[in-house]
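J.: Chain residues, written in single-letter form:
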Amino acid sequence: MNFEQAKTLTGKLTMHVWMTRVLRALLLVGIMATATGAVFAPSFGLEADADHFWTMAIFFAGSWMVLSILGYRQIKTANQAAIYITTGRLDLAETQLRDAVLAFNLHPRGKLMACHNLAVVAHNQKDFMAAAELCRAIVQLSGRSLTEMVNLCRILLADCLLQVQQVEAADAAIQPLRQEANTLSLDQQLLLLPIQLQCDAARGAFQSVIDDLPSKMRHAEMLDAPKAGLCHALLAKACEKLNRGTEAAFLRERAELYHDIDFDELKIPLASPTSN
Amino acid sequence: MTQITPQQIDTWIERTTPSTRENYPVYFIFGLFIASILAPIVLPLFTHAKWQWEQLEIVPWVLLTIILLMSRYRARKRQRSTERVEQMWEDAKLERWDAVDAALPTTFNHPIYDPTLRGRAFMIVAGLLESRKQHDVAGHIYETLLRRRMGDPLTLHQAQLSLASAKLRNEELTDAVELIGRLQKIEMPPPLRAIFEAVRLHQQVFMGQNEDAVDKISERRDLFRRHLSTRAGYAYGLLAAALHRLGRKDEAQRYWHDATLLVPPAKLTDRFELLGDVALHYQSSQSPL
Chain A
1 MNFEQAKTLT GKLTMHVWMT RVLRALLLVG IMATATGAVF APSFGLEADA
51 DHFWTMAIFF AGSWMVLSIL GYRQIKTANQ AAIYITTGRL DLAETQLRDA
101 VLAFNLHPRG KLMACHNLAV VAHNQKDFMA AAELCRAIVQ LSGRSLTEMV
151 NLCRILLADC LLQVQQVEAA DAAIQPLRQE ANTLSLDQQL LLLPIQLQCD
201 AARGAFQSVI DDLPSKMRHA EMLDAPKAGL CHALLAKACE KLNRGTEAAF
251 LRERAELYHD IDFDELKIPL ASPTSN
Chain B
1 MTQITPQQID TWIERTTPST RENYPVYFIF GLFIASILAP IVLPLFTHAK
51 WQWEQLEIVP WVLLTIILLM SRYRARKRQR STERVEQMWE DAKLERWDAV
101 DAALPTTFNH PIYDPTLRGR AFMIVAGLLE SRKQHDVAGH IYETLLRRRM
151 GDPLTLHQAQ LSLASAKLRN EELTDAVELI GRLQKIEMPP PLRAIFEAVR
201 LHQQVFMGQN EDAVDKISER RDLFRRHLST RAGYAYGLLA AALHRLGRKD
251 EAQRYWHDAT LLVPPAKLTD RFELLGDVAL HYQSSQSPL
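Note that the protein sequences, when read in sequence, are chains A and B. Last residue of the first sequence: 276 in the numbering used here, with the numbers rising by one and none dropped. Last residue of the second sequence: 289 in the numbering used here, with the numbers rising by one and none dropped.
One chain only, chain A, in its complex shape:
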């Protein structure tokens, strides 16, 4: 999937989400109005109309239930595609998820979940701009009930933007997460850490990189080897910049033990520590 395809897809997704929101509102209003009509019509001498109201109310409620059950299948598809992603069958996952994103669903949740998984596929295929476009759409379209998915999308979006050297945009994407850092789950904190350190280091905010150093080191220890290595390397660089030689040497040695790190390729600009 390339950026253009992702843009077309998100355009359609946005339209679908708004259409389903309108349809949902219409169905809900229909159920309430016809049910109220069925109950109160006899009081106004409209006994014959009460039957029609009743039939319509049943029709609206039935439609709601059938459409919800059909939508559940889409959530199942999104989950099944996640298994394809885990097993590396990205082609299969992409085909299935594209269909799921464009299929009709009364509840946008299923569509957005499929779109999130599609963004993960695009990220794994190194189509970072496409993945970023999909993540942006999810962040814009999700309501308050999908906080966890939005958080994951923000982290994924920031990662994609870092890959294409858009540091400021990446930093802006994770800004809301920094403010709510204490409410994030441990898994989300672990995903956020390397991104946050890269953004801070790239901005030259080295003091911010090493704030609460023991806790950051503890979290970095829980990451897989390449990410743990990267975090330690960034922490070591920040310590170096702030003239904390002993810590820098210790962290650098650890970083090398985790992974083969090219310390010159950490993409940290030569900003002075005072720029904080």
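Which chain A residues face chain B? A few, computed with CB under 10 angstroms, are given here:
hint: 1; residue: Arg218
hint: 2; residue: Met222
hint: 3; residue: Lys227
hint: 4; residue: Arg254
Hints listed in this document are in silico derivations from the structure and should not be mistaken for laboratory results. The beta-carbon is built from N, C-alpha and C at its ideal position, and this holds for glycine as well.
Guided by the hints, dock chain B onto chain A, whose structure is given.
T.: Okay, now just chain B, sitting in the frame of chain A:
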């Protein structure tokens, strides 16, 4: 501190199993709901009389409301069970074993609906028991998980590897060697292969097979480094022990230094008592933090 015995584990397994009977009231009310909708349409076809349902028209709505309320209650119950296990998982990852211990009665006296989560919850209890050196009870958990096929394939693979390790620590050497031999023949993804190699390394060092332990040492080291992240420190410690016993002191010092760079010496010796001897002979890495 909660006393955990094999009987307690069996009780928790029964209590966390979701009962199929929980669904019966929902099915019953849903059946009534469908019947209350169909009755006004179907019955006149058989009785050739207009169905006098004006007084009963409220029934489907009442039933629908009950269904919605019950669905909401059940969804909330499932969510709470998921949240409890996830919180325990976080505490276990951060080695806050007191918090895990405190959460045991609440978590394991209610059904855990997601089978993957249920398997994971019992793996957390096993982790707690390992931290208390109750390897026999931990072994009972792994055996139960494998026997009942509780959890996803990854959890079951991990349970197999942990069972081999627990048997080793319980000094059930014949069983441990047999299990390790069986696991060696199984195709595994590289991260699990790395865990398996660490268990096998422990077995070799424990049984004094030091030559075997350091055979292909650089291949093993690469595997540990790539897939075990910080836990590679424990494997380096075991390699240092094997090298020490073979009299290869310089290499042992290097491996011990790397091991203690990743994991504090106290934690290394707490997890593997046989490393106590190594810790006395070699200089550990000092953390300035």
